[in-house]
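**Student:** Listed below, chain by chain, are the residues.
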Amino acid sequence: MKRLAIAATTLLAVIGSARADSVLVLNSEEASYSILSRAGRTELQRLPVGREPHHLIPTPDGKEVLIGSTATNELLSLDSKTGERRRVVSNIIDPYQLGFSGDGKWFVTVAYRLDHVDIFHADGFKLAGRIFIDGLPSHMAFDAESKTVFVSLQQSGRLAAFDLATQTLKWNVPVGNTPAGVLMLPDNKRVLVALTGEDGVVVVDPSDGKVTGRLQTGKGAHNFWPKGDGRHWFLSNRVEGTVSMVDTQDMRVAGTIKVAGGPDCMDITADGKELWVTQRFLRRVAVVDLEQMKVVASIPVGKSPHGVFMLKSGPAAPASPLSPAGGPLRAVSTGSGTTR
Amino acid sequence: MGELTDLWVGTQNWIFETFVGPVIFWLGQMAWYEPAYSAVEFFMLGVVQIAVIALGMRFFERRWPLEKTGNDRLIGVDRVYTVLNKLGILPLAIFVITYPISQEIELLMRSWGLAPPRLERLLPWLGDNVLASFLVYFVLYDFAAYWLHRAQHAIPWWWALHSLHHSQRRMTVWSDDRNHVLDDFLITLALVLFSQMVGVQPGEYVSILMVGRLVESWSHANVDMSFGKIGERLLVGPRFHRLHHALANPDERHIHDHNFAPVFPIWDILFGTAIYDGKNRPTGVDDPVIDADNGRGWVVQQVTVFGRFLKAITPRFLRAPFQPGLRPPAE
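Residue numbers (the numbering used here), protein chains in the order written: chain A, 1 to 340; chain B, 1 to 331.
Don't read these hints as lab results, they were simulated from the structure. Ideal Cβ placement from N, Cα and C applies to all residues, glycine included. Mixed in with the good hints, there may be bad ones.
Said to hold, decoys possible - Each pair of labels, with its calculated beta carbon distance range:
hint, chain 1, residue 1, chain 2, residue 2, range
1, B, LEU107, A, LYS189, 29 to 39 angstroms
2, B, LEU310, A, HIS121, 56 to 66 angstroms
3, A, THR42, B, ILE97, 35 to 45 angstroms
4, B, ARG121, A, ALA39, 30 to 40 angstroms
5, B, LEU135, A, LEU169, 42 to 52 angstroms
The following block holds chain A by itself, in its conformation from the complex (with noise of 0.2 angstroms):
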């Protein structure tokens, strides 16, 4: 009996020490989240959360995590550093892509199915005004002064540019075959677009959506996550199976790693050495040692993965040009927001 306690107390601390450095992952064909443990390179903890789940971003005091809850339209808040449950917030539609601005003044999310980008007064998700856009709106990104925010539309071929104080259509461009991520580069003066149906990126100028570049990565080119260090992002590309870095001030493909199952969303850990990737279709997260710069685990969890995020990775930097839009961006929204 005391060796069966004794057996318990530990895996009680082995799982809350865990917790205290986890991952968090979202199933997005099974409604559910998954808490791995990053040390120990498990799930902890299957949970459910509202339905279709695909997004997620921190708030910018970094205390939450917003979960875009696509077909129940509601945001889902976690505590970011023990990802328990805080509140929900209602009528936010179809919130497919999430983004908070630099400035953390707005809120945007986009219909993906719905077709509308939805521009929302960040203190207390009020709807500024909704911009019916066809073409499957995907993803995001912010200028650094907060004042536009870029979409790509995946079906159409294009990238938007909306005004975010005045909720208005600024430009609207053909890009290349089903855009998915959006990159705001440091500098602001070059915005780059993952083409999905192609096999890089394009390289956009912010103030008139003209196309001055191009970058080979891989086919299925499809969304970025920063390194840290202000010049290189990781690019997953889902088709080829490979997660890009690519050097934005050279302009080249830096290193190239091997990420079978269609690898999509990204988070990187606090110390910069691990970067983990979804594997949508092998139901898996892969964990890439960034040193050796190749995928030495792979953690089972739910159907269809897609977000993840680190928990306790301390304040989000939403205003931070080393991140796009802050973080991991897709949703949707609709009339203003309440909370419960």
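The hints should help you fit chain B onto chain A, whose structure is shown.
**Tutor:** Then chain B, alone, in the frame of chain A:
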């Protein structure tokens, strides 16, 4: 269990990345990338189901047949239906049509701010129990399927289509998929919309479909077996469902209108349509026009049954005075 999941998902991923994904990419249809991946799983589930039927259920039919004699040549066309359905060839065609319709309806609702509910909101404990959640959604799904089945029998034009399923005189484990494509389309559309309405997740929907279709294949089996007195009231078995396919006779003109439930007999018990009498009856439909389906191939059956459907939707004053084959069994 984890190793089995890995094997399953690994195979699905290999098929997708080797054959399907590159084609989708080459066609420039990346918006269909995720649905195509799900379609591969549907295909794999079909292969498993065919294997279970051919190797497992057929063993029991051979070992303990209920009808020991009969024309086995009538079974051939049912095998064609099973392969076309289980391997996703017909479902894919149906999906291409139903998907945009169900999407439009769902999106319209959501644009009005009407989000489909999740039962977990009402019953939070459900969210913490995967098996309980699956069972609750399965029961709800079966409830809808029960009433749709009753509609197939009660509405003349729908019976004109559904009668193809009942016309088989040699009912076996292969008979479940013997349906007109239009009938399949209508049922699929209705069940998908219902599932969206009550909040069935895509993953759950596949599981429900997989388990449900296996139970239904078994319930059509030509076997002299029973789940026992209690078991027969919990799960639809071959004896229970065979009565639903029974050939009408002068004493039982409406015998088809009983034992409708696809999986859980509770619906027939609750709504007064259950019969448990243990009698073995021959199967088929007592109507020469419908009975003529026997012996026809897949294409001819589809064409002639569609003709029956057209006649059924033709206004009465344009029809001939007598139209055999258009009477629902429960007049």
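**Student:** Evaluate each hint against the coordinates.
**Tutor:** Against the structure, the hints come out as follows:
| no. | hint | verdict |
| --- | --- | --- |
| 1 | B/LEU107 x A/LYS189: 29 to 39 angstroms | holds, 37 angstroms |
| 2 | B/LEU310 x A/HIS121: 56 to 66 angstroms | holds, 58 angstroms |
| 3 | A/THR42 x B/ILE97: 35 to 45 angstroms | holds, 43 angstroms |
| 4 | B/ARG121 x A/ALA39: 30 to 40 angstroms | holds, 35 angstroms |
| 5 | B/LEU135 x A/LEU169: 42 to 52 angstroms | holds, 49 angstroms |
Checked against the numbered hints given earlier, this structure breaks none of them.
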